[in-house]
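Enquirer: Residues per chain are reported as follows:
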Amino acid sequence: METLVVERLAQFVNNGELDARMIKVESEHSACSAAFGAQAAGVRAFSATNSQGLALMNEILYIMSGARLPAVFGIVNRAMSSPINIWCDHSDTMGCRDTGWIQLYCESAQEILDTTLQAFRIGEHKDVLLPVMVCFDGFILSHLYEPVYIPTRTEVKPFVGKYRPHVKLDPDKPVTMGPVGMPDSYMEFKKQQAEAMEAAKKVIKDVDREFKRRYGRGYGGLVEKVNIPAKTIIIALGSVCGTIKEVIKKHKNIGLLRIRSFRPFPEKEVKKACAKAENICVIDRAFSFGNHGPIFTEVNSALRNCNATITGFIAGLGGRDITPDDIENVIKNADEGGTLWLDVFGKGVSR
Amino acid sequence: MIEVRIHGRGGQGAVTASQVLAMAFFEDGKWAQAFPAFGAERRGSPAMSFVRVDKKPILIRSQVYHPQYALVLDPTLLDAVNVCKGMECCGFIVVNTKHDIGEMHVTNRYTVDLDTIAMKVIGRKFVNLAMLGAFSAVSGAVSMKAISKAIRLRMEPKVAEKNTKAAKMAHEMVKKEVSK
Amino acid sequence: MAFVKFRYGRKNVISGSDACAIGAQLAGVKVIAAYPITPQK
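Chains as they are written, first to last, in our numbering: chain A, 17 to 367; chain L, 1317 to 1496; chain V, 97 to 137.
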C-alpha cells in the first residue's frame, strides 16, 4: 500500500519529474536510517510505510525525533498482524504515538496532498524541528480515486520554499550529531523536545491558516469542527469523518470534532468544543489491550473536569467497514458510557 | 447519487475501468469516487471495483452495497458470484457475453459481445474500457466524449486509441438494443 | 505502476497515494528511502 506512494515517486524520478535520489533498502528499519542520514546531511528526506513496516522502524523513529530532524513520512494506516491483515485501522500509528513524531490525520485525497506540503513547513519551523507523519487510511483513501486540485510547482514554491537547516553534517563545518546524553543532561533534551511538540500546536494552526490564505483550502489546524457546539459530539480521526459528516446532516444537535493533529494532542480545543456537550462519542480504530481505545483515553483526560458522558466505540479494525448505519448506532448509544465494540460478532454494539 | 459495481477477474482491468469511469464522470462536471473491493487481488479470481457519482462532493467513504448498475466483464462470473447482490429489481446489469444470461431479479438486463469487439479492434480480449461505452448507452449518465477523454488521460496513447474505438463500438451496439 | 497523466494547475482524479507522492514531489524532496520499491522506467 505504502508502496504505491513510493512507486509513484520512483516514476517521477525516472521520468525526470523529480530531481531526487531513490535509496533502495532491504527493510523499513534501514529506510528510516537512510532518511535520518539524508536529513542530517541537510536535505528533505521522505519515506512511506505502515503497519509491520512502521513497527519495524520503531527504534529509529525515536532517534529521528530525539535528534530533531524534520523528515516527513507518509503513513498509509493499516492494521497490525496477527492475524494477517492488510486493511485499514490506526493500530500502526497509535502504536508509535510516544515516539515524538507529529501525527496529522487526513480525511480526503486533497487534504493528503495539502497536508504533505504543510508537513515540511511545520516540521522545519525553528520552534519545532520534529519529524512529521502524514497519516491516511489504507485502501479507503490510499486506493480511492477522487478529484484533487494539483497545484503547480510555481504556485507552491513561495509556501514550501527550500529546506534551510540551521545545522547539518558538513565536512567543512564539522559538528557532532546524535551524541550521548548522560543522566545529567538527557532530561533537559527531552524537556526541550516536549516544548517543541507544544510549540507545534501553534505552528500547525499558523501554517494551515497561511495555506488557506494562499490557496483557499484549510483544514481547521489542529481540529475540524462541524456543527459545534452540540448536545452530542462525535470525535474521530481519518476518513470515517466524511461518513459521519454525511450522517449528522440528518440530525439536530449532533456535531463532529475531527481530530486532525493527534500529536500534539489538541487538549485545549477538545475541552472548548465539548464544554457544553452532554454526550461525547469517541470512535477509535485501534485498541490498547488492557485499557480503552487510545483516543478515548486521551479525550477522557482532556475532559476530566467536564460533566459529559463519554462513550468509546471500537470500530473499523482490520478494514471492517464503518457504514452510515454504524454511525447511526453510535448516535443511538451515545449515552451508554464506557467502551462498546461496533459491529462485532454480528451485534450492532456490544461490550 | 449513482453507485456502480464492476465485476471482473483479477487481471481483466476492473479497477482501471472504475478509475476511467470516475475520470469520465469528472470530465462531465460531476464528482466521482472510484475504489477497488478490499480483497487481495489474484490473477483470475473474482474482483470488484466501485464508482460513486454525485453532482456535489461526496463525503461518505464506506463501501457500496446497493449499486444501481452492475457491469460484468466476464460471463463466467455469473456462476461464481452473485452479480446482482444488493441491487433493487429496477437496477441495471450489463454483461459481456454472446449468450443469454437467464433470469435475474434485476429487470434491466443487457448483454453485449464485447469479446468480439475487443478482438477486432484491440487484438486482445481486454473489454474493461469497452464496457464503459456500453454503460454510457444503458445509463445515459456519462457522455462518450468524457469517456474518450478519460481513456486518453489514463492509458498510454496507442492503447488509448484502440480502447476508445472499442468503447464507441460497444456504445453504438448497445444504443440500438436500448432503443428497441 | 499505473500510467496516469497528471495535469498540474487543475483538478485531476487521483488516488490518496498519488496525492501524497505529488505533495512530496512539489516540496522537492531530495531523498526517498523505502522498502520495497521497484523503480519504473
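Note that these hints are calculated values from the structure, not bench results. Each residue gets a CB set at the ideal place from its N, CA and C atoms; glycine is no exception. Please note: incorrect hints may appear among the correct ones.
[Said to hold, decoys possible] On the chain L side, residues computed to face chain V include the following (Cβ under 8 Å):
#1 Ala-1338
#2 Ala-1348
#3 Ile-1374
#4 Leu-1393
#5 Cys-1405
#6 Leu-1469
#7 Arg-1470
#8 Glu-1488
[Unchecked claim] Cβ-to-Cβ under 10 Å is the rule here; a few derived chain V residues that face chain L:
#9 Ala-98
#10 Val-100
#11 Lys-107
#12 Lys-126
[What the hints assert, rightly or not] Which stretches of chain A does chain V cover? Using the computed rule of at least three CB atoms under 8 Å from a CB of chain V, they are:
#13 219-228
#14 238-244
Enquirer: If a hint holds in the structure, say so; if it doesn't, say that too.
Expert: Do the hints match the structure? See the list:
1. Interface hint at Ala-1338 of chain L: satisfied, since its Cβ lies 5 Å from the closest Cβ of chain V, which is below the 8 Å cut-off.
2. The beta carbon of Ala-1348 of chain L is positioned within 8 Å of a beta carbon in chain V (closest approach about 7 Å), and the interface hint is therefore held.
3. Given the 8 Å rule on beta carbons, the hint for Ile-1374 of chain L is violated: about 12 Å separates it from the nearest Cβ of chain V.
4. This hint is violated: Leu-1393 of chain L has a C-beta 23 Å from the nearest C-beta of chain V, more than the 8 Å allowed.
5. Violation of the interface hint for Cys-1405 of chain L is found here, the shortest Cβ-Cβ separation to chain V being roughly 32 Å, above the 8 Å cut-off.
6. Among the interface hints, the one on Leu-1469 of chain L holds; its C-beta lies about 5 Å from the nearest C-beta in chain V, closer than the 8 Å criterion.
7. Interface hint status for Arg-1470 of chain L: upheld, as the beta-carbon distance to the closest one in chain V is roughly 6 Å, under 8 Å.
8. Hint on Glu-1488 of chain L is violated. Least Cβ distance to chain V is approximately 26 Å, over the 8 Å limit.
9. At about 7 Å, the closest approach between the beta carbon of Ala-98 of chain V and any beta carbon in chain L falls short of 10 Å, and the interface hint on this residue holds.
10. Hint status for Val-100 of chain V: holds, given a least beta-carbon distance of 6 Å to chain L, under 10 Å.
11. Because the beta carbon of Lys-107 of chain V sits about 7 Å from the nearest beta carbon in chain L, less than 10 Å, this interface hint is met.
12. Given hint, Lys-126 of chain V at the interface with chain L, is violated; its Cβ is 29 Å from that chain's nearest Cβ, farther than 10 Å.
13. Here the segment 219-228 of chain A counts 0 residues with a CB under 8 Å from a CB of chain V, which misses the bar of 3, and the coverage is violated.
14. Remark: the segment 238-244 of chain A is not confirmed as covered by chain V, as 0 of its residues place a Cβ nearer than 8 Å to a Cβ of that chain, below the required three.
When each numbered hint is compared with the structure, violations occur for hints 3, 4, 5, 8, 12, 13, 14.
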